[in-house]
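Protein chains in written order, with the numbering used here: chain A, 1 to 136; chain B, 1 to 136; chain C, 1 to 136; chain D, 1 to 136.
These are computed hints drawn from the structure, not numbers from a lab.
Since no wrong hints were added, every one of them can be taken at face value.
Pairs count within a copy or across copies, as identical chains cannot be separated in the list.
EDC-like mimics (lysine to aspartate or glutamate), calculated; alpha carbons at most 20 Å apart, straight line:
(1) 55 / 75
(2) 131 / 46
(3) 55 / 130
(4) 131 / 85
Number of protein chains: 4
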Amino acid sequence: MQSQHFSLPIRVYYQDTDAGGVVYHSTHLNFMERARYEWLRSLGFDVHELINTHKLQFMVRSIEIEYFRPAILDDLLHINVNVIDMGRSRISIAQEIQRDQTRLVNATVHVVCVSTESLRPIRIPPHLREKIETPT
Amino acid sequence: MQSQHFSLPIRVYYQDTDAGGVVYHSTHLNFMERARYEWLRSLGFDVHELINTHKLQFMVRSIEIEYFRPAILDDLLHINVNVIDMGRSRISIAQEIQRDQTRLVNATVHVVCVSTESLRPIRIPPHLREKIETPT
Amino acid sequence: MQSQHFSLPIRVYYQDTDAGGVVYHSTHLNFMERARYEWLRSLGFDVHELINTHKLQFMVRSIEIEYFRPAILDDLLHINVNVIDMGRSRISIAQEIQRDQTRLVNATVHVVCVSTESLRPIRIPPHLREKIETPT
Amino acid sequence: MQSQHFSLPIRVYYQDTDAGGVVYHSTHLNFMERARYEWLRSLGFDVHELINTHKLQFMVRSIEIEYFRPAILDDLLHINVNVIDMGRSRISIAQEIQRDQTRLVNATVHVVCVSTESLRPIRIPPHLREKIETPT
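Put together the whole structure using the sequences plus the hints.
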């Protein structure tokens, strides 16, 4: 499929780091969540619309994440979002965290579109699917 | 009123610290929340019962917190809970974080009992009030 | 003293909320930290310069915080920074969290300028003091 | 190799959940870190000894994690630790999060033993290696 490119800049604060002097490993997943929701917003789908109009939310089903180099306090990171595959209710997203041109962290995040009521998988709304498939 | 005493031991992990080498300041409030809920459980009121049977939750209304000495990685902290005042729907709780006999952090936390539906203040259930007022 | 005004917009994501459906109470302190560091950056003092050139960091000494109304998922909040008092090594900062023109949270945060090595209070560098005192 | 079994009970508080009503996905990694450090402590290696005596720390190199069922507020979870492979400086650990006998989350966490100064990989101390290899 056509790949999508989106990138969110995030500054590293004390709250994101640990006593090892680096960004705590699970915090990178928080950064990635922020980038995914800003990417959805950039396609015209904010969270309130997803929940209230479409009665859906995205749940993380699985993640593979690799840490190459540490991020540190005050770094300006760029969190990339790149859709690599999409099923009926599932989206696979490659996410990369960079500082300047250096790759620090790589992940593949598999999310599933679920009903806000039953938490069971439902179809990705056609309008959203279309937006995702359209090259930017 | 009769004071209540309750203390919860909490170990400090990397996730609780920041690049300054100490426990991040807002993390102490998380430790204090854990201690308040374990104190309620020790009185026979777990969160599920509060929500499902009594349709209530406690919301934090205000906090005064003072940091005297830093807590660091691997410290074994004790988080104390001591009710200092109780109104119709409000409880004021003194909380202290200690390592050995040294006081690290002091706070007064004011919580309000609210309806899970309206989020408006409701009466503290008499049975809970009684438990809180009974000296241990 | 001349008051300073600075405001940082922050979007609320799932990671900032809790099962009560609102922003978790201690997360507001994290939002406030982000705003304080962006305010320092706006004055020309980034964290690396503070640590490496001036060998100093700011530690939170005490906080009084009041929660008026809940913030929820997807809210766009504005976190204000307003210096209200400054001593030799201490700064008192009024911080407010707003959504549109509605005040959600108010805090006074007292920070102390400490040596990165001894963690003991040191003088606020004159150049930084001057920047803080100059009305914007 | 001989497998090791270790399990840490963890209670779910508001701070661990999100507005979807479930434990936030990255919080499960925090639970897993707590279990790994308690497992090391159970082998006689606390963090202070690792850092001060052995000048080492463990850094997460990669993680594969799968979410099967949500954990919710007030759940009592069990976080399991099971070493599945060990190299010169690397340990691969299977971690499972259970509620009663139900598996909620599965992960494989690959950590590397690094020097606290250079952050470069160093040998796992023989005494620790031996402890890990000895069936409990």
